[in-house]
Structure formats: C-alpha cells, structure tokens
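Let the sequences and hints guide you as you build the complete structure.
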Amino acid sequence: MSADPTQVLAFETDCHIFSGCGFPAPGLHSFLFKPLWGDGDSNLYFNKTMLLALLGSIIIVGFFWAAFRKPKVVPGKLQMVAETGYDFIRRGVVYETIGKREGEKYVPLVVSLFFFVWMMNLWSIIPVAQFPVTAIISYPLVLAVIVYVLWISLTFKRHGFVGFFKNVTGYDKSLGAVLPLAMTIEFFSNLLVRPFTHAVRLFANMFAGHTLLLLFTIASWYLLNGIGIAYAGVSFIMTIVMTAFELFIQALQAYVFVLLTCTYIQGALAEHH
Amino acid sequence: MSQMLILAAEQENPLIPPIPELVIGLLAFVIVFGFLAKKLLPNINKVLEERREAIEGGIEKAEAAQTEAQSVLEQYKAQLAEARHEAARLRQEAQEQGAALIAEMRAEGQRQREEIVAAGHTQIEADRKAAASALRQDVGKLATDLAGKLVGESLEDHARQSRVIDRFLDELEEKAEAAR
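If you're matching them up, the sequences are chains L and Y in order.
With the UniProt record's numbering applied, the first sequence corresponds to residues 1 to 273, in that order.
With the UniProt record's numbering applied, the second sequence corresponds to residues 1 to 180, in that order.
Hints should not be assumed to be uniformly reliable.
[As the list claims (entries may be wrong)] Rough simulated footprint, nothing fancy, chain L against chain Y, three-plus residues with beta-carbon under 8 Å:
id, segment
1, 18-29
2, 32-38
3, 42-54
[Unchecked claim] List time: in silico DSBU-like cross-link candidates among lysine-lysine, alpha-carbon distance up to 35 Å:
id, chain 1, residue 1, chain 2, residue 2
4, Y, K39, L, K105
5, Y, K129, Y, K175
6, Y, K46, L, K105
Hint data in this document are derived by calculation from the structure and do not stem from the laboratory.
Remember, predicted model here, so these are calculated numbers, not experimental data.
For glycine and all other residues, C-beta sits at the position ideal for the given N, C-alpha and C.
Quick look at the structure:
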C-alpha cells in the first residue's frame, strides 16, 4: 500500500486477489477527500463534495432557468417535465400535508429542498462524480437546521411562548398521570432529537448506499484475477442492481426529507388540541 | 490506499460536521432557493394561473354556447308547438265553419223546398178552386142550357133563383164522395 495523497480513485488499480494484496474494503476513509484547494488542517479548503454541491446547485438552477425563464401557457417539453416535478411537490407534498391556503407560502422552500437533496443524492451514480454529497453530514445538517429554525419560529409566532411549550411537549390534559413522562419524551423528541434525526436519516441512507456501491464496485475489480473472475461477474451484477436501487432510494430519501419538513411546518401551524 | 486518509478516518467521526462543508452547503442551497423562490417559481406560477384562466375561459365560453344553443332549441320547440297548436286550431275552426255552413245550407234548402212545396200546394189549391168554381159555373150553365133546350124555354133565370143546379151538383159531389 502506498501512501499517495493524490489518489483519485477509491481503491488501487493494481490490487487484485491472489496477488498478495488484501481487499481494500471501503470505510470511513472513503468519505474523506483531499482538498482540491487549500489546507485540510485549517478550515480554509475546497474539496470534491463542495465542488459537487455548487455544481449541483448550478445544474438545478440551470434546469429550472431553461424551463421556467420564459414559461409558456402551452408548455414545451422541458417546461412540461419541470412543471410535472414542481406540481408533484406542490400538490403531492405541500398541499397534502399543510393544505393549499397555508402551504402556498412554503412551496418555494419545499420545492428547492426536494430538488437540492435529490440532486445531491444523484451525484452518487453520476459517472466521474460518483459520490452522494448528502453522505457528508454537513449538507443534510444545514438543511435540517434551516427547517428546524423555521419550525421553531413558526411555532412561536403562531402560539406564543406558552403555546410553544405546549406544542413542543404535546401537552394534553387527558393523559393524566402519564402527562409528565409524555411531556418529557415529547420535549426531547421534538426539540432536541428532531433536527438530528431529520439530517441523519438522509445522511445515513446515502452513506450506507455509497458504501454498498463501493463494496461491490471494488470487489468487482479486486476479484478480477484467476478463478475470482466468476465472482467478479456476480459482484458486477450486484453493482448494477444496487445502482438501480440507489436511484430509487435517492428520490425516496429526497421525498421523505421534504415530507418530514412539511409535517413539521404543519405541526407548527396546527392548533394544538 | 492512502495512509493519510486512513489515519484521518480513525480520528474523524462521520457525524461531526466539518465547518467549511456547512458553509458551502448553505451557500449551494441559498443559490437554489434564491433563484427558484425569487424568479423561477413566481414565473411559472403566473403562467399556470394564466393557463388555468385560459382553460376556465374556454370552459365558460363552451358553457355559454351550450346555454345559448339550449335556449334557441327551446325557443324553436316552443315556436313549433305554437305552430302545431295554431294549425290544429285552424283545422278545428275550418271544420266547425264547414259544418256550420253545411247545416246552414241544408236548412236553407229545406226552407226553400218547403217554400216551393207550399207555393205549389197553394197554387194547386187555387187552381183547383178556380177549376172547381169554373166547372161549377160551366156545369150549371151547361145543365141549364141543356135543360132549357129539353124543356124548350130558358130556365136560366129560374134556375138561378131556385138553386136547383146547386143542389144537383151537391148531390153529385156527395155521390162522388161516397164512391171514393
């Protein structure tokens, strides 16, 4: 094993089974990148995930710019595709959870969140990039914090201080003796754990997905020697299958992320009972 | 395998967010949100609203056309019904008039017939009376003349006074009456 800091691929190209080379299993190191610019030890650097994040933003904006810059009443193909996506989130997620009247205000946020998360997830299977940006906790966390701050401020605005407390703790007199326990649990679950779970749900899914893809991809290459070739074929098929599966998971996780966002907003706006 | 990265990985906890990535993540999202929320989504919302209005306008137009067609159809039907009714009324009237006319003419004919018959009767009666009186005179005169010739003297004045002839004739009539 060489200690080459300029290595680009996730594994060494000359490492195969039966050649005295151990299986270069994917691990936490697969999620660390050498800075493309700057110093990794300081907080002033620019790496692959940042590049992908910004590039992803540009792609989303570019796509919607092309589709919605000069929209027509009778849409073209691109506008139709973009409209379908927009309408899916607007009607299928926002209107369904928050309702049309109150939800309209949050449509831009939720639509942005969905396509942002989806694009960041999609990087996982886009050739050359092949890394889900959301598998770095910082990206999901930023989004979860934005939603969290919005949720807190909305709850305060809607219910006032006491109302906020009741809303957060799920205050309900009918619970009787269990009330203190229920309130404690709700308080922790809503106020402290929620942003964490919201971010980690997305992060962990993409992290695991990327690890699985890496595992089969590396194995396909690693086994490509002698009798191992037969197993390499199986591993390669698994890579294809898992790529398709990831494609589904990426969209699903983006959907789940915005659905939870809408549920939180709805909870903040709802009158507590 | 990069030794450095592996060493780094041992120290790094994947759940501890690196700060620069947080900043770039926020920036990347703000770019997307800014463009979508401020420009692109309002754009498409406007167009979607226009489209909705266009579709609703079309529907409204179609509805108006349908309503008009319906009203015209109803008007037409009403006119048709009225015309039928009128025709029926006219036919009825004509029938009634015809019947009245026929009855009138029949009555007139009857009247004229009766008039003619009555006139005929009157005429016949008058003629008969005239004939009878003429006959009576003639028969009386002839009989007297005949009797005078037979007797040889004029019985005219006497006969007239004695009323013989009348009595004779009456008897004759009675006989005729009895023979009948």
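Comparing the hints with the structure gives:
Chain L is given as covering the segment 18-29 of chain Y, and this holds because 11 residues of the stretch bring a CB closer than 8 Å to a CB of that chain, at least three being needed. Note: the segment 32-38 of chain Y has 5 residues with beta-carbon separation from chain L under 8 Å; the three-residue rule is met and the coverage holds. Coverage of the segment 42-54 of chain Y by chain L holds [criterion: at least 3 residues with CB-CB distance below 8 Å; count 8]. For the hint pairing K39(Y) with K105(L), the CA-to-CA distance comes to about 15 Å; that is within 35 Å, so the pair holds.
With a CA separation close to 19 Å, the supplied pair K129(Y) and K175(Y) stays within the 35 Å bound. In summary, the hint linking K46(Y) to K105(L) is supported, as the alpha carbons are separated by about 15 Å, within the 35 Å threshold.
In summary, this structure violates none of the numbered hints.
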